[in-house]
Amino acid sequence: AQSVTQLDSQVPVFEEAPVELRCNYSSSVSVYLFWYVQYPNQGLQLLLKYLSGSTLVKGINGFEAEFNKSQTSFHLRKPSVHISDTAEYFCAVIPLRYTNAGKSTFGDGTTLTVKP
Amino acid sequence: KAGVTQTPRYLIKTRGQQVTLSCSPISGHRSVSWYQQTPGQGLQFLFEYFSETQRNKGNFPGRFSGRQFSNSRSEMNVSTLELGDSALYLCASSPGQGPAGYTFGSGTRLTVV
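Chains A and B supply the protein sequences, listed in that same order. Start counting at 1 in the first sequence, then tack on 38, and there's your number in our numbering. Start counting at 1 in the second sequence, then tack on 1, and there's your number in our numbering.
Hints were generated in silico from the structure; no laboratory data involved. Just to be clear, a hint being listed does not mean it is correct.
Derived lysine to aspartate or glutamate pairs resembling EDC-like cross-links, with alpha carbons at most 20 Å apart [said to hold, decoys possible]:
(1) K107/A / E54/A
(2) K87/A / E54/A
(3) K141/A / E83/B
(4) K58/B / E76/B
(5) K96/A / D86/B
(6) K87/A / E102/A
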C-alpha cells in the first residue's frame, strides 16, 4: 500500500516570495508522482508529474518539483508566488505497476495563502 | 477540447433517499474515476471504470455503485443516503493507458439532510 504525507497543512506567504510545499511518500514499490492544484469551488488541475528521467520536473504556472528517491520526497516549489496561486495543493502517487491513473493515493492537501 | 462535465453541480437530498451523479469525460478518454472529498477524510478513491468495466475499487460500502456506458460517460449511484455521505464528489478522466494523470471535473456538491 502507498501513503502520502503533506507536511504542512497551511502555508502563508507574501506575494513575490518563494514557496516550498513538502510531500513525502511511503511505498513498497516504485511509484509515479503528481501534484494537483484545487481552486475554490473547482476540481483538481494537474500541475506536474514525475514518471522517470530527470528528477527536476517543471509544470504549469511556474511551478517545479524535485523527486528525491532516497528521501522519498517530492517537494513543490515556486520562486515567486502571486496572489492567484492561493489554492489547495495535493500530492499524489500511483504504483508503477498500474498502467492507468486509477486508484491514486492523495495527500491531505496544503492550503497555500498568498498575502499582498 | 471540452473538459470533464459533472452534473448536477449541487444536490440536496434527505436521509434514506438515493442519488445519481453523472460524469462526461474528455472526448477520447476511456477511464473514469470517482473520488469523494470531505474536510475530514480528504480525497478518497471510490472506483474506476474503463471500457464499461469496473477496473479498480476503493473501500466504500456497497451503497456506492457506478457504471460506465459505451460512450465512456459514467454515473455514480448512492442508495440509502446517510448524513456522512455529504461531500464533494469528483469525477476524473484519463486516457486509460499509461500514467497520464487525471483531468478532474468541477464536482457535484451533495448535501444530505
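Starting from K96/A, check that the Cα of D86/B is at most 20 Å away, please. violated (37 Å)
Run the distance test for K141/A versus E83/B: straight-line Cα separation, threshold 20 Å. violated (24 Å)
Given the hinted pair K87/A and E54/A, is their alpha-carbon gap at most 20 Å? violated (24 Å)
For the pair supplied as a hint, K87/A and E102/A, confirm whether the alpha-carbon distance does not exceed 20 Å. holds (10 Å)
Has the given pair, K58/B with E76/B, been kept, meaning a C-alpha gap of at most 20 Å? Answer holds: K58/B to E76/B is near 15 Å, not above 20 Å.
Quick one, are K107/A and E54/A close enough, alpha carbons at most 20 Å? violated (30 Å)
The structure does not agree with the numbered hints 1, 2, 3 and 5 stated previously, though it agrees with the rest.
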